[in-house]
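Participant: Input sequences plus hints: build the corresponding full structure.
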Amino acid sequence: MQSWRRKSLWLALLASWLLILLGVFPLLRLAVPARPRAGAPQGWPSWLDAELLQSFSQPEELPEDSPQPPQAPRGGSCNWGACFDTSKCRGGTLKVFVYPVAGPISETRRRILASIEGSRYHTLSTAEACLLLLLSPDTPAGKCDPVPPQWDGGRNHLVLSLHPAPCLRTFQLGKAMVADASPTVDTFRPGFDVALPLLPEAHPLQGGAPGRLRQHSPRPGVALLALAEERGGWHTAGTNSSACPWDGRCEQDHGPKQTHPGATLPNATFCLIPGRSPDALHFLQALQAGCIPVLLSPRWELPFSEVIDWTKAAIVADERLPLQVLAALQEMPLTRVLALRQQTQFLWDAYFSSVEKVILTTLEIIQDRIFGASAHPSLLWNSPPGALLALPTFSTSLSDFPFYHLQQGSRPLDRFSALIWVGAPGQPPLKLIQAVAGSQHCAQILVLWSSEKPPPARWPETAVPLIVIDGRRKVSDRFFPYSAINTDAILSLDAHSSLSTSEVDFAFVVWQHFPERMVGFLTWSHFWDEARGGWGYTAERANEFSMVLTSAAFYHRYYHTLFTHSLPKALRTLADEAPTCVDVLMNFLVASVTKWPPIKVPYGTWHQEARPPPLAPRGPGLRQEPQPAAQDCINQMAAGFGRMPLVSSRLRLDPVLFKDPVSVLRKKYRSLEKP
Amino acid sequence: MCASVKYSIRGPALIPRMKIKHRIYYITLFSVVLLGLIATGVFQFWPHSIESSSDWSVEKRSIRDVPVVRLPADSPVPERGDLSCRMHTCFDVYRCGFNPKNKIKVYIYSLKKYVDDAGVPVSSSISREYNELLTAISESDYYTDDITRACLCVPAIDLLSQDALRVRETAQALAQLSRALLAGGGFSTWTYRQGYDVSIPVYSPLSAEVDLPEKGPGPRRYFLLSSQVALHPEYREELAALEARHGEAVLVLDKCTNLSEGVPAVRKRCHQHQVFDYPQVLQEATFCVVLRGARLGQAVLSDVLRAGCVPVIIADAYVLPFSEVLDWKRASVVVPEEKMSDVYSILRSIPQRQTEEMQRQARWFWEAYFQSIKAIALATLQIINDRIYPYAAISYEDWNDPPTVKWGSVSNPLFLPLIPPQSQGFTAIVLTYDRVESLFRVITEVSKVPSLSKLLVVWNNQNKNPPEDSLWPKIRVPLKVVRTAENKLSNRFFPYNEIETEAVLAIDDDIIMLTSDELQFGYEVWREFPDRLVGYPGRLHLWDHEMNKWKYESEWTNEVSMVLTGAAFYHKYFNYLYTYKMPGDIKNWVDAHMNCEDIAMNFLVANVTGKAVIKVTPRKKFKCPECTAIDGLSLDQTHMVERSECINKFASVFGTMPLKVVEHRADPVLYKDDFPEKLKSFPNIGSL
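Protein chains in written order, with numbering that gives the first Met the number 0: chain A, 0 to 674; chain B, 0 to 687.
Keep in mind the hints are simulated off the structure, nothing from the lab. There may be inaccurate statements among the hints.
[As the list claims (entries may be wrong)] Heads up, simulated BS3-like pairs for lysine-lysine below, C-alpha to C-alpha not over 25 Å straight-line: (1) LYS453(B) <-> LYS658(A); (2) LYS667(A) <-> LYS677(B); (3) LYS619(B) <-> LYS658(A); (4) LYS677(B) <-> LYS673(A); (5) LYS658(A) <-> LYS677(B).
[Claimed, not checked] From the structure, some residues in chain B lie toward chain A, with a derived Cβ separation under 10 Å: (6) THR88; (7) SER109; (8) LYS112; (9) TYR113; (10) ILE349; (11) PRO389; (12) TRP406; (13) PRO419; (14) TRP555; (15) PHE653.
[As the list claims (entries may be wrong)] In silico negatives: residues of chain A with every beta carbon more than 10 Å from chain B: (16) ARG89; (17) ARG213; (18) ALA327; (19) GLY371; (20) ALA374; (21) PRO376; (22) SER409; (23) LYS452; (24) PRO455; (25) GLU460; (26) SER499; (27) GLU543; (28) SER648.
Just so it is clear, CB atoms sit at the ideal spot from N, CA and C, and this is done for glycine as well.
Facilitator: Here it is, written out as structure tokens:
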């Protein structure tokens, strides 16, 4: 007992001392106020009395803002709100008047004027115009024009100079906007002036060459880097790309440097472009070549920087850190390189490949400013097919267009409107209406009555609404954006087309996966006719095709808007004069937008036998060579577009079990297989 | 404590008499000591107790005792800011140097109190918000406490409120920062240096004070609302005119004059005698006017965005906050001041769908960039960071797309419409283990395809050497054998350097039944769909309603959602994606199970492109007696279960079912048409 007691006493003693030792120090530290330690502070201190800090504004009181009157623009500076009078643009649309040129006129200039005149912006009266365009002379030696008559201090004027014009102006620019090639950042007024690209002397006026990138590959070029040289050539620097594994790490191999003075287009992944103004010429070359421009502290404004998101296609780096830039380029993830390269090609083709595109883009930018809230959303400018082909007048909602469903996570409506064009004989297409109305996807049937005969008073009973529209006897009418069309998909038909319900159903299901393309039953193909030295096309059955006939085809209703509002008037007139041309024109239009071929779906051979002999010179099933006049149509179209946009396809999309050796009962579209 | 110790010492003498009493004492003593020990232990070692949380090395100081700096009256006043400053002229990038992480380093000057000659403070102490701002910076990845490593320095002088500022003296204090890059809340186009200054929002204190639950987009009670109080009479007249013309749809609010005591004026707005709660009233309007006040920047913008009301900016020359990266067109309407009288008709012309989109976008901007001082600070630093490291910059979509859009959208990595030239041809990759005889037959068959440009054999057997060179079939194109380090299925999808073409044909070593016409046609189809998987045998995934999960289907169906990579064309880029960018543990899972690499590839491609596969040519009965062809293998019941499991596993890793179901397949234009076979490009299709 005693020893137990003693032991426990010692234990208690020991514990007490431990307690004192452990306990007192922290208490001491608490009692003495903490002193900041000498040495580097660790971050912004968290103040003990942070709660006591005052807010910068006193929330209890209303802010005592001394009101300020509207501001008048200060001298010299202009911005859109202050210097442009939008009230002149009646109906909120841009109308452009171009000052006629006094004296002799160069060929280039004449064609520039022609392309503006052909556009939907052009007007001939200065009273109607809300933008007056003054073209600067295109040769350095040219004389500047005198002050134009309606100058009015430059208000609502755009002075457009495609090439840097060194001539002395005889007048002050005043409130005029300037569209200049590669303007310096110091004088450029963002949101008011327009920055143009610096174009080479021999830039094509229309169409233009496509980009040089022929494959989706991050590094097809031999070199990683090309340097712009003063003489205008490119200087490629080592680093063999085939030695670059796909994870993007290239061996440091600064092999023999090569100079190709003759080569105007660089063959490399990245193109280093110095920041001085003359080097802006290299920028377009790099863009066309699919070589990602790396701009070293550019002193000039990038072209169309107001609307184009250049971070998606080019890299603006600091010239003072060349090594860091090089390292970053080599380390750049492959996915990014690939995306940048593709974007260079898209931008080149959409806005820069021809003088006409550059000018139309300039006008489109100004129109966007006038439109305000209903301007192109940024995505329309920066993803294919580009703002010149995606009109905000159609819709500002991206999911209404056929092009952006993937980006938007949306899909087209799963109904279609059938648009039946009734031409000269004026027979109501009763059988066709029944076949189309039988489709579960059919929302309505529109009959476009373009015959001299009055339409019949009674139409067959159908499960879907049937609307008769009185056409104006013009072929191009069939592509007019009628407000009655309320579905994304249109099934365009002729009165004498012959289709079965299951053909319609299957074609529509296919179209839903390719809403930007035309899905048709009958096809034509184009070819280069060596003998005639021009394009030709044929309805002969062949192993490939490039056009589908609009007498039986699905396509997006947006193409009606595009056909009516964006095509040059001359081309539409041509189509009206030679009716077979209208198919060619529509196919040209869609192909130039999508860059893909149309899609063919199966079409039963029994239609030909069942049909009465055709009355009209055109129509499905009629395997007739197009007339010589029509042959010429394709060449006129190609000239109008500036290039041949048609693309050939060698495939047809059939139902999965089409003609497979399996029970017919298993097949969903069994009637497509009728012999 | 001491007492108890003393007592214990005396203890032994008393024990015999007071036994029970002593026991109580001892127990008490021990309890006290024990409790003390526990308490001390907790005190010393508890990681998150109140006291030890402030690590002793981190400063915890009072705002009042900061060093005082006296500014002599004649100290230099800096020149007016250099208006021609640009990133590449005034910003000292050398200080940012090379940084592998592509992140700028920010240093904060320590807080000092500046007083003038007379000892009067130049500025009041820092404000709560400025303290928050600096705290947010110091807690972010950008912060450094080493001024030599910093490329951006932030002064600890509070400039947030111009009211309490003595301009000249503050300027003296900032003398060393004359070319400073300014982040300010009310730039005009006249002074804003494009690409150099950063226009930031004016923080609204109400953001933290008032709890305002989100209100979905849609039509609201008032079409247009003005809630600002200090407005120029000219503007007020215009607003009154608007109200008179459009009646109920327009509501113009003003200060309240007859508020009872204790009601904060800032939280109330009045219209005639009607009192409205602010900012709640903003949620009742579709559009809210933001007019110029004394300054261009207005805190009301933040309140308006938060309420999901579309701001109508009527302040010419105002540089909107973060306009360098934010697309204000999507969240606001900018109306020139001279067009103020037309504002109603301008707004009415905006379609309802677009308005709702703008409302959603406005709220998202507030949540992401206006909500707190911290959000503003981080966005500002990100903008500067993007300028310094442009090659690592955040994209337009990252800045502007709300999370819901980001989730639903797909950005196809091969978005450029481009048909690769036929001359390029394709590279066939045959994965083999030891079926040499069958492999040689495949090689011979494939080599007959005109567009084949190279043949690559991936020898996946480490225990056996590939046959000698002389034994391989002689073919017209280069044949390469790659030996792998491990027998893994994913070796089939490795982006070998030997692949020089864009198109890759993956083919199993037992697929001998495909004709040359079929393979050539498959390549042609791939050229028209270069961003898709183009393959021969098709498969389908189905939702099993009984089991509530996905099911794999290989029967003769009318639909297709996958193609087997036992014979499929695809872009070599997908090899790179498969090897380096496959989400989750799918790659390891495939290698461990030795199955489903083809399903994984189908998932990957569909997920990244958002597009369906293309099945080419009619279905074949793979009658191959000596080999277990794909179809024969698929019939196995356990195999089907395993494949279904793969689909469910992958769907959960991807977080969605990316596969797309289609009802079509690709055939040659004249397939089974009544047309002379001799004239068809691909006559030998579908034959057995």
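Participant: Now look at each hint and say whether the structure bears it out.
Facilitator: Each hint tested on the structure:
no.	hint	in the structure
1	LYS453(B) <-> LYS658(A)	violated, 34 Å
2	LYS667(A) <-> LYS677(B)	violated, 31 Å
3	LYS619(B) <-> LYS658(A)	holds, 12 Å
4	LYS677(B) <-> LYS673(A)	holds, 24 Å
5	LYS658(A) <-> LYS677(B)	holds, 20 Å
6	THR88	holds, 8 Å
7	SER109	holds, 6 Å
8	LYS112	violated, 14 Å
9	TYR113	violated, 17 Å
10	ILE349	holds, 5 Å
11	PRO389	holds, 5 Å
12	TRP406	holds, 8 Å
13	PRO419	holds, 5 Å
14	TRP555	holds, 5 Å
15	PHE653	violated, 15 Å
16	ARG89	holds, 13 Å
17	ARG213	violated, 6 Å
18	ALA327	violated, 5 Å
19	GLY371	violated, 7 Å
20	ALA374	violated, 7 Å
21	PRO376	violated, 7 Å
22	SER409	violated, 8 Å
23	LYS452	holds, 37 Å
24	PRO455	holds, 37 Å
25	GLU460	holds, 30 Å
26	SER499	holds, 16 Å
27	GLU543	violated, 6 Å
28	SER648	violated, 6 Å
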